[in-house]
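As given, the protein sequences belong to chains A and B, one line each in that order. Under full-length UniProt numbering, the first sequence has 315 at position 315, and the numbering climbs by one with no breaks. Under full-length UniProt numbering, the second sequence has 73 at position 73, and the numbering climbs by one with no breaks.
Calculated from the structure, these hints are not laboratory results. It is possible that some hints are incorrect.
Identical chains blur together in the list; that is why a pair holds if it fits in one copy or across any two.
Pairs of lysine to any residue residues, derived as SDA-like cross-links and limited to a Cα-Cα distance of at most 20 Å, are as follows [stated by the list, open to error]: (1) K313 with I173; (2) K197 with Q228; (3) K197 with P213; (4) K50 with E284; (5) K298 with E344; (6) K25 with M1; (7) K25 with F176.
Note that the structure is predicted; figures quoted are calculated from it, not measured.
Protein chains: 2
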Amino acid sequence: MALISPSRRLRRTPFSDGVEAAGVKAYTVYNRMLLPTMFRTVEEDYAHLKSAVQLWDVSVERQVEVRGPDAGRLVQMLTPRDLRGMLPGQCYYMPVVDETGGMLNDPVVLKLAEDRWWISIADSDLLFWVKGVAQGYRLDVLVDEPDVSPLAVQGPKADELMARVFGDAVRDIRFFRFGWFDFQGHDMVIARSGYSKQGGFEIYVEGWDVGMPLWNALMEAGRDLDVQAGCPNAIERIEGGLLSYGNDMTDDNTPHECGLGRFCNTATAVGCIGRDALLRVAKEGPVQQIRAIAIDTKALPSCDRAWPLMAGKKRVGQVTSAAYSPDYSEGVAIGMVRMTHWDEGTQLHVQSPSGLLPAEVRESFWI
Amino acid sequence: MALISPSRRLRRTPFSDGVEAAGVKAYTVYNRMLLPTMFRTVEEDYAHLKSAVQLWDVSVERQVEVRGPDAGRLVQMLTPRDLRGMLPGQCYYMPVVDETGGMLNDPVVLKLAEDRWWISIADSDLLFWVKGVAQGYRLDVLVDEPDVSPLAVQGPKADELMARVFGDAVRDIRFFRFGWFDFQGHDMVIARSGYSKQGGFEIYVEGWDVGMPLWNALMEAGRDLDVQAGCPNAIERIEGGLLSYGNDMTDDNTPHECGLGRFCNTATAVGCIGRDALLRVAKEGPVQQIRAIAIDTKALPSCDRAWPLMAGKKRVGQVTSAAYSPDYSEGVAIGMVRMTHWDEGTQLHVQSPSGLLPAEVRESFWI
Numbered sequence: 001m002a003l004i005s006p007s008r009r010l011r012r013t014p015f016s017d018g019v020e021a022a023g024v025k026a027y028t029v030y031n032r033m034l035l036p037t038m039f040r041t042v043e044e045d046y047a048h049l050k051s052a053v054q055l056w057d058v059s060v061e062r063q064v065e066v067r068g069p070d071a072g073r074l075v076q077m078l079t080p081r082d083l084r085g086m087l088p089g090q091c092y093y094m095p096v097v098d099e100t101g102g103m104l105n106d107p108v109v110l111k112l113a114e115d116r117w118w119i120s121i122a123d124s125d126l127l128f129w130v131k132g133v134a135q136g137y138r139l140d141v142l143v144d145e146p147d148v149s150p151l152a153v154q155g156p157k158a159d160e161l162m163a164r165v166f167g168d169a170v171r172d173i174r175f176f177r178f179g180w181f182d183f184q185g186h187d188m189v190i191a192r193s194g195y196s197k198q199g200g201f202e203i204y205v206e207g208w209d210v211g212m213p214l215w216n217a218l219m220e221a222g223r224d225l226d227v228q229a230g231c232p233n234a235i236e237r238i239e240g241g242l243l244s245y246g247n248d249m250t251d252d253n254t255p256h257e258c259g260l261g262r263f264c265n266t267a268t269a270v271g272c273i274g275r276d277a278l279l280r281v282a283k284e285g286p287v288q289q290i291r292a293i294a295i296d297t298k299a300l301p302s303c304d305r306a307w308p309l310m311a312g313k314k315r316v317g318q319v320t321s322a323a324y325s326p327d328y329s330e331g332v333a334i335g336m337v338r339m340t341h342w343d344e345g346t347q348l349h350v351q352s353p354s355g356l357l358p359a360e361v362r363e364s365f366w367i
Numbered sequence: 001m002a003l004i005s006p007s008r009r010l011r012r013t014p015f016s017d018g019v020e021a022a023g024v025k026a027y028t029v030y031n032r033m034l035l036p037t038m039f040r041t042v043e044e045d046y047a048h049l050k051s052a053v054q055l056w057d058v059s060v061e062r063q064v065e066v067r068g069p070d071a072g073r074l075v076q077m078l079t080p081r082d083l084r085g086m087l088p089g090q091c092y093y094m095p096v097v098d099e100t101g102g103m104l105n106d107p108v109v110l111k112l113a114e115d116r117w118w119i120s121i122a123d124s125d126l127l128f129w130v131k132g133v134a135q136g137y138r139l140d141v142l143v144d145e146p147d148v149s150p151l152a153v154q155g156p157k158a159d160e161l162m163a164r165v166f167g168d169a170v171r172d173i174r175f176f177r178f179g180w181f182d183f184q185g186h187d188m189v190i191a192r193s194g195y196s197k198q199g200g201f202e203i204y205v206e207g208w209d210v211g212m213p214l215w216n217a218l219m220e221a222g223r224d225l226d227v228q229a230g231c232p233n234a235i236e237r238i239e240g241g242l243l244s245y246g247n248d249m250t251d252d253n254t255p256h257e258c259g260l261g262r263f264c265n266t267a268t269a270v271g272c273i274g275r276d277a278l279l280r281v282a283k284e285g286p287v288q289q290i291r292a293i294a295i296d297t298k299a300l301p302s303c304d305r306a307w308p309l310m311a312g313k314k315r316v317g318q319v320t321s322a323a324y325s326p327d328y329s330e331g332v333a334i335g336m337v338r339m340t341h342w343d344e345g346t347q348l349h350v351q352s353p354s355g356l357l358p359a360e361v362r363e364s365f366w367i
């Protein structure tokens with residue numbers, strides 16, 4: 001692996017001092033901000049995540065705040081998911097599409113109030129699209145990026161750790177719901193959510209200066225739980241089928257191709273900018289779709305580009321995320337496969353840098 | 001320095017194979033794509049850039065293509081620079097602002113034809129803003145990112161190298177003009193431009209597959225000129241006062257603060273979205289502005305965050321890019337300084353990780 005050159009443009013986070021003290025070894029860049037990717041080895045981080053509890057600096061999940069009388073209307077313009085039944089205190093996973101139905105981002109949106117929303121974004125400057133649309137339609141809203149940096153607490157011991165710092169009431173937060181909790185006089189939004197399948201929370205830390213005090217308090221409170229600094233884990237998130245925007249889908253893809261049709265209410269999402277484009281695909285279904293792909297191998301290099309999926313000499317798809325799984329003793333991967341070859345059990349080959357490897361379409365992801 | 005974790009999301013370029021073969025040591029991420037930052041050492045790369053010729057993979061300068069009857073109108077909406085006199089074949093450096101006058105990007109725009117423009121962007125997803133505005137105003141345009149990847153040829157021997165591959169006519173291209181040239185049957189836009197003060201060209205390589213053949217042809221043709229793989233050089237670009245969006249300015253800043261008032265024709269740029277917000281600042285002038293800052297030191301660490309500029313105990317600005325210059329034997333830096341302390345010769349101190357260092361406001365940059 002090459003080195004990463006530091007610069008102000010690759011923004012640090014409120015938790016960077018803690019991340020560095022914990023011995024971060026590698027980063028990626030996400031929304032022009034540093035996202036840790038490895039502390040010990042990816043395999044050690046993976047085993048620890050599944051058995052204990054980790055603090056993740058996911059400040060890169062920047063918020064697009066939409067406030068004002070037209071806030072609800074604007075958020076509905078962004079997505080084919082029908083938001084009419086959404087209540088304050090709920091989180092929705094929400095595909096965002098352009099006028100062609102191509103995905104621009106796949107954020108989680110938090111409804112703070114009827115006229116105030118946070119869109120917790122994946123890796124693209126969604127702020128620019130939202131601002132541009134608001135400007136063009138002359139909507140009565142304010143759109144900006146507030147000083148909010150999510151800190152995730154993930155792993156089987158997350159409830160125990162969080163209860164020690166925020167009180168037992170955090171245990172009652174339901175999946176994809178959030179509440180307001182106090183930390184040293186600061187109100188914090190805490191949601192039961194996160195980019196792993198190990199359970200846990202995301203704390204929306206408002207105000208840069210409270211970042212390290214919170215990090216330290218959690219580290220201190222969880223010492224006997226073996227709390228460690230961690231990060232979204234490449235192996236675990238593939239096992240869990242958690243998609244990554246920019247890796248597994250781009251603006252070339254519709255939500256339906258990404259298996260997100262269940263988050264699209266194309267018939268009723270009136271006002272959604274991409275609705276017309278998606279009506280046909282919603283009716284007829286996509287011709288390619290995301291699938292779990294098992295690879296018969298004992299090791300895999302980093303998937304830094306699309307690896308073609310072959311049926312004989314015919315390209316029928318591509319793998320976009322892949323890793324060797326210690327727990328499942330095979331290669332786990334996410335791929336986009338043509339409908340002619342997407343049925344469970346279909347035998348394919350993947351063109352990896354290690355050569356042509358046998359691959360199989362699975363019905364579901366591993367976790 | 002930490003490592004960078006590869007993934008498909010950090011996009012490779014048509015020239016990545018060449019960059020890797022040349023022994024790239026470090027990258028940054030720019031527009032979600034890999035940008036090399038070092039091949040030998042930054043100092044060796046710097047000395048070579050000033051004496052020979054380098055090929056730079058600047059594919060990260062992605063293009064936003066705007067086509068259609070409303071193309072000219074839309075491009076004018078983006079910028080306070082008056083584009084009415086611009087002819088096909090010209091490049092304009094063009095601050096892009098939002099409705100508050102805050103900078104969203106500082107691209108170079110190429111007018112290919114009255115109804116076709118390429119916006120060659122700095123590090124932000126300007127595509128999303130342009131698409132959002134086009135959508136909201138229902139303009140009759142197509143906006144997308146074409147398969148175009150710039151390759152820069154920079155250094156004092158750039159003319160000689162380019163003439164060998166494209167013919168002597170390239171020597172006649174004037175600064176910030178472009179022409180169409182043939183390479184193996186492919187039409188290529190070649191502009192006299194680039195992110196250094198050493199002279200040279202940017203080739204807008206259209207079509208991924210022609211990337212490596214062109215790279216190899218230039219390497220082969222320039223062997224006796226000591227052509228090497230290079231990249232924008234942190235020291236040289238600061239000496240030259242070349243700003244970096246995300247480092248030296250953000251959406252918090254107006255063009256006037258960035259010293260780009262000469263590219264703003266606020267009185268006549270009718271249709272520019274940020275025009276109203278900029279009228280007052282254009283009249284009264286900004287209260288802080290970019291300045292060349294000399295730092296009295298023999299070495300500097302990477303400037304990975306804003307370093308406060310102090311007048312005694314008062315913060316009067318910040319340094320956002322800095323490096324030790326071997327040629328000028330001092331620290332060279334770019335900073336934003338309050339008007340109370342921006343005059344030439346003002347003595348300040350900069351709070352760097354190496355401690356409090358003496359700093360001086362200079363009238364102009366070094367090159």
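Here's how the hints hold up against the structure:
1. K313 with I173: neither (51 Å within a copy, 47 Å between copies)
2. K197 with Q228: within (17 Å within a copy, 47 Å between copies)
3. K197 with P213: Intra 27 Å, inter 45 Å, cutoff 20 Å: neither.
4. K50 with E284: neither (39 Å within a copy, 59 Å between copies)
5. K298 with E344: Cα proximity of K298 and E344: none, with 22 Å in one copy and 64 Å across.
6. K25 with M1: both (11 Å within a copy, 9 Å between copies)
7. K25 with F176: neither (31 Å within a copy, 42 Å between copies)
When the structure is compared with the earlier hints, violations turn up for hints 1, 3, 4, 5, 7 and for no others.
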